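Visitor: Starting from the known structure of chain A, arrange chain B on it as the hints suggest.
If you read the protein sequences in the order shown, they are chains A and B. For what it's worth, this note's numbering labels the leading residue of the first sequence as 1, then goes sequentially. For what it's worth, this note's numbering labels the leading residue of the second sequence as 391, then goes sequentially.
What the hints contain is simulated information worked out from the structure, not anything from laboratory work. The reader is advised that the hints may include incorrect statements.
What the hints assert, rightly or not - Listed below are several chain B residues computed to face chain A (Cβ distance under 8 Å; list not exhaustive):
id: 1; residue: R421
id: 2; residue: P427
id: 3; residue: R441
id: 4; residue: M444
id: 5; residue: G450
id: 6; residue: G454
id: 7; residue: F455
Because the structure is a prediction, the values reported are computed rather than measured. Think of the CB as a built atom: it goes at the ideal place given N, C-alpha and C, for glycine as much as any other residue.
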Amino acid sequence: MRLQLAQPARLALAVAITFAMRDPVSAADEPWRLSTDTLVYSDSDNVVVVSPQVAVRRALDDDGGNASARVVVDVVSAASVDVVSQATNRFSEVRTEADLGLAKSFGSWLPSVSYRYSHEPDYHSTGLGAGLQHRFAGSDATASVSYDLSLDTVGYVGTGEGTFSEPLVSHAANFSLTQVIGPKALVRGVYTLSVQDGYLEKPYRFVPIFDRAGIAAAASDGVAINLSNFDRYRLPERITEEVPDTRIGHAFAVRGLRHVEAISGSIHADVQLFADSWGLTAETIEPGLTWSASQAILMAIYLRGYFQQAARFWRREYVVDDPDTVPRWRTLDRDLSDYFAATLGGRFEWQRGILSGYVDLSGAVTAYSEYLFLNGRLALIGQAGLRLDL
Amino acid sequence: MRVVRSFFRCLLCGALVAAVAGCATTRPWQREQLAQPSMKPDGDPEREALRSHMLGTREGAIGGFGHGGGGCGCN
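In isolation and in its complexed conformation, chain A is listed as follows (with noise of 0.2 Å):
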C-alpha cells in the first residue's frame, strides 16, 4: 500500500530531518536507531491482527532530545460476533499509520512536538500533540505535561465521503510527575483528561429490541437469549446504536519500580482508575518482574487484570413496551459493558554489539458478564522487535 502524506505531514517530515541531520551536541555514541517489531494477535472470537512497524530514531542530545518517525500497518481479519450478528461475513481490512516526532532538550527543559496520520478504509485520523518535560530537584524528579489533538474522520465501506462522512474530536492532556525516593526506588504518577466530542457510534452496529413478550417467549422455552436465537425473539426494527456526543474521561495512573538486587532487577506495580461522563469506570493493576539473567539478557514477566464497570446505559437487551419508544442511548459495544480481563505474559530481551532485540508473548482471558453474544475469548499475542544502533 502506498502511504499518502499530507501536506503537513511533509512539512514535519522537512523539519524532523533537518534536525536530525544536525550534528548533535553531544548525542550517544551510536546516535541512530533502526527498529522493526511485529505484533500478531489471534482471538477465540475469530479476530487475527497482524502488524509490522518499523522506525527511526536519531539522538539529538544525551537528554531525550530526538527525531522519530515510525509507520505500522494492522492487517485485520475478523469474523468476530460483533461482525456476525450484524449479518455479515469475515472482513478484512489495513490500516495504516505514520507518526512523526521531534524532541529538543534546553537545559533542563525538554519540549516535544508530533504528527500523526492513520488511514483505514471506513476511518481517518488526523493528530497533533505537544508536550513540555522539565527535570528538577537534582534530576530526582522529571515532571511532564503534553496534549494531543485526534481529527478524525468515521466514513462508510463502500460509500463515498458525500453519502456518510461523521467527524469525531478528540483532546487528550497528560500530567505526570516521576520521583526519585532513594537509591533503589522511583514512583510515577500520572493523570489524563480525555475528551471526545463528535461520532462515538459504529455506522455498522444496530442495536436488538426486545418487547416483554419477546423475553417472556425466551423465557418459556427455557433458553437465554444469545447470538444463536436472538433474532427469533427480537423485534423487526433495526435501531441504530446511539451514544452521547460528548464523552469525558479522567484517568490517574501510578507506578512504582523498585530495585531488587538478589535478582539483579526490578519489581513494578502499575495501578490505574478510571472514570467518564458516560458512568464508566475501570481499574487497571500490572505488577511484574524484571531481571537480569546475563549482561546482554533481560527477562520479564507480568500479570495484567483489568476491570470494568458498564457505562450506565449499557444493558444486555433492552426491553421496549413499544418500538416507537426505544431509549435514547443504546450500544452493542462490549467495550461499553461490564468484563474482566486478565493477562499474563512474558518477555525476553537480548544484546548483542549494535543488534539488540525480543521476543513478548503473552495470553489473555477475558470474561463478559453481561453481553448477549458473547461469555469470553482467549487470545494470543506474539510481539518481537529487532534493533540496529549506529
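Guide: Positioned in the frame of chain A, the structure of chain B alone reads:
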C-alpha cells in the same frame, strides 16, 4: 456518583504522589542501580507504541499509562 467517587480517589492518589515529590536528593554515586535497564520507567518506545495500540482496542479506558483516544476506528 461513581464518577465523583472515582475522581476523589484519583485526587487522593495524586496527593500521595505529590507528597513523595521533593524527597531527599540522590547523589550521583547512589544512582548505579537506578541507571540499570530494568529500572527504566519507560519501556522501549516502539515496543510500547504497538502494545499500547493493541490494548486500546481491547480496553474501554482511555489515558494513564495506556492508550490515548482517537486514531482508530477499530470497527
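Visitor: All the hints need checking, so say for each whether the structure fits it.
Guide: Here is how each hint holds up against the structure:
1. A distance limit of 8 Å between C-beta atoms decides the matter here; for R421/B the minimum to chain A is near 7 Å, and the interface restraint holds.
2. Given hint, P427/B at the interface with chain A, holds; its Cβ is 6 Å from that chain's nearest Cβ, closer than 8 Å.
3. The restraint placing R441/B at the interface with chain A holds, with a minimum CB-CB distance near 7 Å, inside the 8 Å limit.
4. For M444/B, the shortest C-beta to C-beta distance to chain A is roughly 6 Å, which falls under 8 Å, so the interface hint holds.
5. Annotation: interface hint on G450/B holds; nearest CB of chain A at approximately 4 Å, less than 8 Å.
6. Interface hint status for G454/B: upheld, as the beta-carbon distance to the closest one in chain A is roughly 4 Å, under 8 Å.
7. A cut of 8 Å between beta carbons decides the hint on F455/B: the least distance to chain A is about 5 Å, and the hint holds.
Hint compliance for this structure: every hint is met.
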